[in-house]
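Engineer: Chain residues, written in single-letter form:
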Amino acid sequence: MTSQSTQRRFAEVVLPHLDDAYGLARWLTGNRSDAEDVVQDACMRALGALDSGVIERPRAWVLSIVRNTAFTWLAKNRPNTVLLTDDAQFIEAVAAKEPGTPNPEEALIAAADQSALESAIEALPHVFREVIVMRDINGLSYREIAAAINAPVGTVMSRLSRARALLIDRLGSRT
Amino acid sequence: MTPRDDPTLLLHAALDGELDAAGMMEIEARLAADPALAAEYARLRALRETIRARIPRAAAPDALRASVLSMARSGSPAPAAVPAPEGLRARMLSIVRSANQTLAAMVSRLGLAGSPYPALAATLMLGIALGGGVTGLLRPPPARDDMERAVIASYVRGRLSGQPVDVATSDRHTVKPWLAGKIAAPATVVDLAKDGFPLVGGRIDVIGMTPVATLIYQRREHQVALTEMPASGAAPSEMRRETRDGFSLLSWTHQGRRYMAVSDMPPSELDAFHDAFSRAAAAEREEAPKI
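Chains as they are written, first to last, in the numbering used here: chain A, 1 to 175; chain B, 1001 to 1291.
Check each hint, because a few of them may be wrong.
Unchecked claim - According to the in silico footprint, chain A covers these stretches of chain B (three or more CB under 8 Å from chain A):
(1) 1046–1060
(2) 1068–1074
To be verified - Ranges of calculated distance between the beta carbons of each label pair, as one might list FRET restraints:
(3) A/Gly53 <-> B/Lys1194: 54 to 62 Å
(4) A/Ala107 <-> B/Glu1026: 24 to 32 Å
(5) A/Ser5 <-> B/Gly1181: 16 to 24 Å
(6) B/Glu1284 <-> A/Arg143: 52 to 60 Å
(7) B/Ala1282 <-> A/Arg8: 36 to 44 Å
(8) A/Asn68 <-> B/Asp1034: 20 to 28 Å
(9) B/Asp1171 <-> A/Val54: 43 to 51 Å
(10) A/Asn103 <-> B/Leu1160: 19 to 27 Å
(11) A/Pro79 <-> B/Arg1157: 44 to 52 Å
(12) B/His1173 <-> A/Val54: 49 to 57 Å
(13) A/Ala111 <-> B/Glu1221: 45 to 53 Å
Said to hold, decoys possible - If you want the ones that stay clear, here's a sample from chain A, every Cβ over 10 Å from chain B, calculated:
(14) Ala21
(15) Asn31
(16) Val54
(17) Trp61
(18) Ser64
(19) Thr72
(20) His126
(21) Ala151
(22) Ser173
Hints were generated in silico from the structure; no laboratory data involved.
C-beta: ideal position from N, C-alpha, C; glycine also.
Hey, can you work out the whole structure from these sequences and the hints?
Structural biologist: So this is what it looks like as structure tokens:
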């Protein structure tokens, strides 16, 4: 049995962010049932870590546990797809624009439908995908994202910028 | 490289509302002077707007929420979640709504109905009651009449919505743990299929401020909703039969528990349900390990 006070803290800190936790897990794992497993596992970890100190940004704290759990899960279950590296050159290469690619029209981007958007986001490497999900879907601030991915705000900004450049390229080049 | 040197990063920060007023002024000046930068900004804004408009924010499935809740209570991973057809969120809202209605009734009974904002007053009282926790001031046991009204209202709502249960299963061994994860006292769940009342599922109702277990049994095209709650201080009473708004109501107490069965069946059939239920419940108690 969990103590009353821990249960209460869990209800205050974790439960309000269960939707965002599940959303992030689904984007990272790519499907619903794996996302549920990851969220359950993450909630267990959160329960165990609740008493370890002051939690200043509950949402970032919860999402940080979820993304770490998801990455562990991916490394184990999808070893070929996960990108855990933050190797700068690799990221440059991934994000590099093809020379001569014309900048797509704003209207073409605005016209992208849900499935085009989803597949574009799913095609992003994980480290870019998570910042897009946290920022543009879950609405976290840069500082919250920085706390969630345990990286400086500058890293958040550059990843977000590259993630969006990739999305624009992809959406702009669809036929 | 700092963001100040890279106008692209500044564009993103501007888009995301992360710039202070001075930063915004700077970027606005740059956008006005640089058409290529302005076009990039328009693309980024289009991307952001289209993501916001087309990608829904995820909602955790109710079954996940339920299993996380029971896991948090027990401190160990929950067994495979039971799918719950009706939204827990909707249920929570309806709990608050029905609590509000109860309180609104109390407000009007207290003579505050002259207040121009009875609903607001009720909401405030609800807030006070919730804030006061379980030991709050506003917990007189609901009068029997109110309880009858509440169980009939829940029954009607369940029938009208076509979703009378939170957990739909004919297996009592699924319903019982589901209920146990949500309310303190264990509810009696029996299998009455051979008596002609197959189990449809269970749900949580709120009577006064107390969450209670309600089980739904089927009889041809009819349903019986059986609500069980602690009979706090009530003396064991005779069975009470009543017909109200066209619904049959049967209530009785047994070993400190109050049972209220509502149905659109004729009262005689509800009696048959009561007999079957009492027999099965007694058999269940026999089976249960003695402490």
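Engineer: Give a verdict on every hint.
Structural biologist: Hints, verified against the model:
Residues of the region 1046–1060 of chain B with a Cβ under 8 Å from some Cβ of chain A number 13, which satisfies the need for three, so the listed coverage holds. Only residues whose beta carbon comes within less than 8 Å of a beta carbon in chain A count, and the region 1068–1074 of chain B has 6; three or more means the coverage holds. A hinted range of 54 to 62 Å holds for the C-beta pair A/Gly53 and B/Lys1194, which are about 57 Å apart. Checked against the given bound of 24 to 32 Å, the beta carbons of A/Ala107 and B/Glu1026, roughly 28 Å apart, stay inside it.
Taking 16 to 24 Å as the suggested C-beta distance range, the pair A/Ser5 and B/Gly1181 conforms, at roughly 19 Å. In this structure the hint that B/Glu1284 and A/Arg143 lie 52 to 60 Å apart at CB holds, the actual value being about 56 Å. Look at B/Ala1282 against A/Arg8: about 39 Å separates their beta carbons, and that is inside 36 to 44 Å. Between A/Asn68 and B/Asp1034 the CB atoms are about 40 Å apart, so this pair departs from the stated range of 20 to 28 Å.
For the pair B/Asp1171 and A/Val54, the supplied restraint of 43 to 51 Å holds, since their beta-carbon distance comes to about 44 Å. Distance hint for A/Asn103 and B/Leu1160: a CB-CB separation of about 55 Å, inconsistent with the stated range 19 to 27 Å. The beta-carbon spacing between A/Pro79 and B/Arg1157, approximately 50 Å, falls within the hinted interval of 44 to 52 Å. Separation of B/His1173 from A/Val54 is about 42 Å and departs from the stated range, judged on CB atoms against 49 to 57 Å.
At roughly 50 Å, the beta carbons of A/Ala111 and B/Glu1221 sit within the given window of 45 to 53 Å. Residue placement check: A/Ala21 does not keep its beta carbon more than 10 Å from all beta carbons of chain B (closest about 7 Å). The beta carbon of A/Asn31 sits about 12 Å from the closest Cβ of chain B, which is more than 10 Å, so the claim that it is off the interface holds. At roughly 20 Å, the least C-beta separation between A/Val54 and chain B is larger than 10 Å, which holds for a residue marked as non-interface.
Residue placement check: A/Trp61 keeps its beta carbon more than 10 Å from all beta carbons of chain B (closest about 16 Å). Consistency note on A/Ser64: stated as away from chain B, and its beta-carbon is indeed over 10 Å from all of that chain's, at 17 Å minimum. Once the 10 Å rule is applied to beta carbons, A/Thr72 is consistent with being away from chain B; the minimum gap is 16 Å. For A/His126, the condition that its CB be more than 10 Å from all CB atoms of chain B holds, with the nearest at approximately 17 Å.
Distance to chain B confirms A/Ala151 as a non-interface residue, since its nearest Cβ pair spans about 15 Å, more than 10 Å. Even its closest Cβ contact with chain B, about 13 Å, leaves A/Ser173 beyond 10 Å, as expected for a residue assigned away from the interface.
Figure legend: structure checked against the earlier numbered hints; hints not met, in rising order: 8, 10, 12, 14.
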